[in-house]
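Q: The lines below spell out each chain.
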Amino acid sequence: MDEEVTLRPCNLADVDDLYEYASDDKVSAWCRWDTYTNKEDLLNYMKTCMIPHPWMRVICYRGRPVGSISVTPYTGADRCRAELGYVLASQYWGKGIATKAVKLTMETVFKDLKDLERVEALVDVENFGSQKVLEKSGFTKDGVLRRFWINKGTVRDMILYSFISTDPLV
Amino acid sequence: MNHDQNHQKPKTPTITLRKFTLSDVDSFMSWAADPRVTRFQRRDPYSDPADALAYITTHILPHPWYRAICIDNTPVGSISIKPAPGEDRHRASIGYRLAYDYWGKGIATEALKLTIKAAFEELDDLERLEAIADVDNPASQRVLEKAGFKEEGILRKYVRLKGETRDMVMFSFLVSEF
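For the record, the sequence lines run as chains A and B. Under our numbering, the first residue of the first sequence carries the number 1, and numbering increases by one thereafter. Under our numbering, the first residue of the second sequence carries the number 1001, and numbering increases by one thereafter.
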């Protein structure tokens, strides 16, 4: 299975494949974005955000795009840290694909992004699937940030995970 | 004379919070020019009052919530609230600085308590106040704890400070605790 998960940069031709999960309520539930209802909006997001992004990859399973993963650095004095985010089509959940994608990311991101020393991820306290992905990928739980994040109108407690440049790859 | 006075802890002087004015620049320099105070800040100490005046003008005066911590109306420090960006308006972070001669008297704790009250009363929808303190700054961690903040965890390699990447302790105070 390991060899079957690969990462590559996004291109506009991926829109049809990415739309499969972008239009899925199950997938958008944990994310700030609303479920996409048309491909033009998704194409626009790909053009303005995904393609120019400092570190964004499409997650491929057996060569086919099934998700995406990104590491977004902060600026100025905070440029030593960046936020990890990932999304995966729901029919591919539970197979270890997201975990493999995170591991592949951590193998190169500290070399790819200058000044980066800390990758962090925020996960809803009830998003157990995503918590497992990070724990299996070698992330450490820093703590629970209470009433931290508004998602779709509701204030949520979030777990903050981190992986620093000297942490061991798993 | 009260013989017990020698055995009591010195009382915290009465402190008030107010907005800054340009005429506070000399008071401002009493902490902003001191490397002992700026040690855990991103900025270096000010050496030129003109730079301090520019900072007061461009950053402090237009700031959404920035107050002078005063004793007898004279600023001895400052405290500010910064709402989180974007959608997270329910969350804001607090920062404070105090002139060195006024450390150890409970002044920062008192200023923080006044600020917590003002924040939850004045800022619509506020649910969470947060603050971070360097792992090597136990004095500031104590201030937050005494004011009722709860430690949530240690954030490793969180921020660059004067050429070094630092671990920070995250604290929060929720509206439900107010």
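If you're looking for bench data, these hints aren't it; they were derived computationally from the structure. Among the hints, erroneous ones may be present.
[Claimed, not checked] Calculated cross-link-like contacts (lysine-lysine; reagent style BS3-like; alpha-carbon spacing at most 27 Å):
id, chain 1, residue 1, chain 2, residue 2
1, B, LYS1150, A, LYS141
2, A, LYS114, A, LYS103
3, B, LYS1082, A, LYS152
4, A, LYS114, B, LYS1117
5, A, LYS39, A, LYS26
6, A, LYS132, A, LYS95
7, A, LYS47, A, LYS111
8, B, LYS1082, A, LYS141
9, A, LYS152, A, LYS39
10, A, LYS132, A, LYS26
11, A, LYS141, B, LYS1117
12, B, LYS1117, B, LYS1150
13, B, LYS1146, A, LYS111
14, A, LYS152, A, LYS132
15, B, LYS1162, B, LYS1082
[To be verified] Cβ pair distances, simulated, as ranges:
id, chain 1, residue 1, chain 2, residue 2, range
16, A, THR108, B, SER1093, 30 to 38 Å
17, B, ALA1084, A, PRO168, 48 to 56 Å
18, A, GLY85, B, PRO1064, 23 to 31 Å
19, A, VAL144, B, GLU1087, 17 to 25 Å
20, B, GLU1121, A, THR72, 28 to 36 Å
21, B, ASP1124, A, CYS49, 28 to 36 Å
Positions of the beta carbon are idealized from the N, C-alpha and C atoms, including for glycine.
Q: Does each hint fit the structure? Answer for all of them.
A: Status of each hint after checking the structure:
Annotation: proposed proximity of B:LYS1150 to A:LYS141 holds, straight-line Cα distance about 17 Å (limit 27 Å). This hinted pair checks out: A:LYS114 and A:LYS103 have alpha carbons roughly 19 Å apart, not beyond 27 Å. Taking the CA atoms of B:LYS1082 and A:LYS152, the gap is about 23 Å. The hint holds against a cut of 27 Å. Among the hinted pairs, A:LYS114 with B:LYS1117 is inconsistent with the structure: their alpha-carbon atoms are about 41 Å apart, more than 27 Å.
Distance restraint check for A:LYS39 and A:LYS26: the Cα-Cα separation of roughly 18 Å lies within the 27 Å cut-off, and the hinted pair is therefore satisfied. Using a Cα cut-off of 27 Å, the hinted pair A:LYS132 and A:LYS95 holds, with the two alpha carbons roughly 12 Å apart. The hinted pair formed by A:LYS47 and A:LYS111 meets the criterion: a straight-line CA distance of about 25 Å does not exceed 27 Å. A distance of roughly 26 Å separates the Cα atoms of B:LYS1082 and A:LYS141; the hinted pair therefore holds under the 27 Å criterion.
For the given pair, A:LYS152 sits about 22 Å from A:LYS39 by alpha-carbon distance, which is consistent with the 27 Å threshold. Between A:LYS132 and A:LYS26 the CA atoms are separated by roughly 18 Å; this keeps the pair inside 27 Å, and the hint holds. Proximity of A:LYS141 to B:LYS1117 is assessed by CA-CA distance (about 31 Å); at most 27 Å being required, the pair is judged violated. For a cut-off of 27 Å, the pair hint linking B:LYS1117 to B:LYS1150 stands: about 16 Å separates their Cα positions.
A threshold of 27 Å between alpha carbons decides the hint, and for B:LYS1146 with A:LYS111 the separation of about 42 Å lies outside it, so the pair is violated. Pair hint A:LYS152 plus A:LYS132 holds up; C-alpha atoms about 23 Å apart against a cutoff of 27 Å. Restraint check for B:LYS1162 and B:LYS1082: the C-alpha separation of about 22 Å stays at or below 27 Å, so the hint holds. At about 32 Å, the beta-carbon gap between A:THR108 and B:SER1093 stays in the expected band of 30 to 38 Å.
At roughly 33 Å, the beta carbons of B:ALA1084 and A:PRO168 sit outside the given window of 48 to 56 Å. At roughly 28 Å, the beta carbons of A:GLY85 and B:PRO1064 sit within the given window of 23 to 31 Å. Against the hinted window of 17 to 25 Å, the Cβ-Cβ separation of A:VAL144 and B:GLU1087 comes to about 20 Å, which satisfies the hint. In this structure the hint that B:GLU1121 and A:THR72 lie 28 to 36 Å apart at CB holds, the actual value being about 35 Å.
In this structure the supplied range 28 to 36 Å holds for B:ASP1124 paired with A:CYS49, their Cβ-Cβ distance being about 30 Å.
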